[in-house]
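These protein sequences, in sequence, are chains H and D. If you're matching positions, the first sequence starts at 1 in the numbering used here and goes up one per residue. If you're matching positions, the second sequence starts at 1001 in the numbering used here and goes up one per residue.
One or more hints might be untrue.
[Said to hold, decoys possible] Chain H is faced by these chain D residues, among others (derived, beta-carbon under 8 Å): (1) Met1056; (2) Ile1059; (3) Arg1081; (4) Ser1087; (5) Thr1112.
Keep in mind that the hints were calculated from the coordinates and are not lab data. Quantities reported herein were computed from a predicted structural model and do not represent experimental measurements. In this text, a Cβ means the ideal position worked out from N, Cα and C, and glycines have one as well.
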Amino acid sequence: MDRRGDSLSESVWTRMDRKAGAIIELTIRQLRHRISTWVVLGVGVLLMALLLTFYVDSVRESFEPIDNDGDSEDNDGDGYPMGQERKYGTPDWDSEQYPGASVFVPESDIDWNDQYRSAVGNKSWQGSAFFEASWVDDQYTGEWWDSHVDWNLNEEGVPELEDCSDWEVEEILESFWDGACDFGDADGDGMTTYYVVGQWRGEGIATVPEGDYLSWGHWTKEVYVEPEPPEMYINEDGIDCFEGLVLRGTDWNDSRVDCPSESRLSGSHGFDNDGDCLSANDGYGDDENRNGIRCDVQWIATNGVVTRIEADYLVDEDPDEQEYIGELGHRTFVIAVGKMAFVILLGLFIPLFLSLGLVRDETENGTLHLLLSKPIHRAEFIVYRLAGYLAIAGSYVIVLSLVVGLLSSILGPGDQLVRLSDIPVWMGIGVATTLVLAAYGSMFNAMGLISPKYGVYLCIVFGIWEFMMGSFSILNPNWAVASVSISHWALQMIDAVVLLAWPDTIQWAAMDGAFGIDSGLSVFWQPPVHTLGTASAGVALLNSLLVLLTVTVAWIFIAKSVFSRREIM
Amino acid sequence: MTMEGQEPPAVLIDQVSKWYGQVIGINDLSLAIDGGVTGVLGPNGAGKSTLFKLMMGRIRPSQGSVRLFGVDPWVNTSPYRRVGYVSESEKLYEWMTALDFVTTLARLHGMTREEATDRSAHVLEFVGLADVMHKELGKFSKGMRQRVKIAHALVHDPELIILDEPLHGCDPLARTSIMSVIREMGEQGKTILVSSHILEEIERITEQIVILHNGRLLAIGNLHAIRGLLDKHPHRILINCEDPRSLANLFISEEPVFGVRFPRDGQLEIQTNDLSAAHSVLPSIVVGSNQRITSIENPDDNLDSLLSYLIKEEG
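Build the full structure now, drawing on both the sequences and the hints.
See the structure below:
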């Protein structure tokens, strides 16, 4: 039978190679001749271009300083930003209270229990009393905004009030609730006595009736405090790390180290640079993390990696965007694009268009008999067809991921021209997507064979399931149901690759949450789940790889057993 | 291939039946073919294509066994190294050139690209497509497409060639060329199975025939022997001429002729019991009549009448 005089060294394997090569090449050429191939691949390129423009846009925006804690705002409109008001202990919701404004200082009071029931002086009073006045201030607005006594002064500066000099004292006490009445000059010393209820300021002798209450104090002198510019309260409290010791108030700049990249210390760090935590003094928040140290940040590390950061309220809460959002935003972009655009969108749509008809269409076009009249097994045929499809789809995805990776790494933060540490992540994204293409490809191809007519609907149902499980997997990778999907494992693979290429991502995610940087990193990335208890990204990577390959092979077997029993008319 | 007793025959069909639901495709067929050109004759729906699909492992017999070179083609594709198959399907990869197409399929036999290209160019030349082998198949005529299909079936130099209706839909020129290709392959000592529903086509290619009817084997053997049986039965010869009546006078005196009729103006029908004898006297009478004869037809000399005769014989 070997009449062609083929060389004896030619083995079964080289012949198989040649057959594989021929079918792979045929498949590639067939796919190249279909418009839908170019449409779906073109849409993928457009999608990536769009995402990159978003990235360029967000890179520019995120480097503008952001007031993470909002203390540069002047909510009450008194001209002082919240940060300055916090330092002076004035509220940012009351325009009457601001740094340097006069403050009421309480002095004493007379309550129902006191024996001696008179007080003398020029005070600000509050309560009820018979007040023998030498002077009253009718402009007094008091500490609060109500119950100010209206003295109704006439042109000579004498109060014109209801006359209650004829009344019994009990009658006055029972019927008078608000304001003042003229009790007359009973002792004839020329100073009129008024019965007053409310807030007022004046000089005189106050006599408090039995059972009534009066408190008094004075207002400090108003000092002018220069309002600070709001910019002072933007990026004013960065993330500090301290080597070993916690320093309070002295020379913290000297012992500050670059914490995200070099120091992965567990312990108490952080300094309230803008003083808003230390001056808040409101009894809570200044040791929210309950480590016994006021206004600090507790870094918790396991195996040399910071896994959790617990910050007291208003400590390190307004870090410099240039320093953090750049890196965090870049990583978030890479991970989000890898997961959403590559694995979920391209991973689903490319096979839906390219793999469903790999074998089925040959049957429908009536060209299958040409191939099956050759010495080639049907199972072999399926594998080679899938290989041809993967040659197109896989190389497309890997090239696309590297191009997007290269562009984003040139645009991204960092001193070097190209961020070398990005390359393995993008490679991982490319490989994970290729594995997804293989798994979906073999699955959709099998669907097309199982039901040539309705396979496409089956695929769409599966596609919706995969899309949903993929989305859930991003939000909560621990949800067990989601692991019954192909996308889950590919997303896990990206999580693992990210952790291998950027080992400090856990720390960045913790910083993102602890300091309100809001980059979205912890939404799109969480440490890989399937580590078999080792917490090792490598194990998770192998695990995902194995699952994806097993799924691919399983669907090839299903397709094979369906196809080799099928009679081809 | 027949010289060694232990070598299994190229085709061995043993009590094979194939039915599609209620419809019978092949009914208890047994057949062994090895060497030479065999025509598989039968009207449409007789089971010719079903038989070939069984041989090509595309469908599975409901009963019985099919063997190509002793191997069951449904479970094992190895016999296809020695088989070339021309399907009845017209579908090709329209965007490929003829050379490309044949080369791609040749590579499925494990040839290298160079080897495949060389051999493809060679077989395309053999089937007479050398000058168009760089054209796209989409632009090919039916006859050219049939020849491309034959080329792809020959590219690996098979021992057994199965051609399903290779002449179907071809123009006379293509027919002649394809027939000569088949005859030439037969002369090279290959086993060839060629199906048709037109008796005359097969007659021009081979004398060894298998006749299928309703999925059953109706006759097997030499076409002329079978035809000879048929010749002894009443036959009609239709002659279109200027003056049928004067021509009838010349015929009526001849031995094999037992009657004449004038079915239409300018048409003579001669009735005979011995078709070959009638045909042997026919030329001299026609020449002697000095008439212009436009056509001579044998309306009973076709597969239908052969079949109805054979079925009657069987019954």
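Here is what the structure says about each hint:
1. Met1056: At about 6 Å, which falls below the 8 Å cut-off, the nearest Cβ of chain H leaves the hint on D:Met1056 intact, so it holds.
2. Ile1059: D:Ile1059 check passes; min Cβ-Cβ to chain H is 4 Å, inside 8 Å.
3. Arg1081: 5 Å, holds
4. Ser1087: Check passed: Cβ of D:Ser1087 comes within 5 Å of chain H, closer than 8 Å.
5. Thr1112: This interface hint holds because 6 Å falls under the 8 Å limit.
Going through the hint list in order, the structure satisfies each hint without exception.
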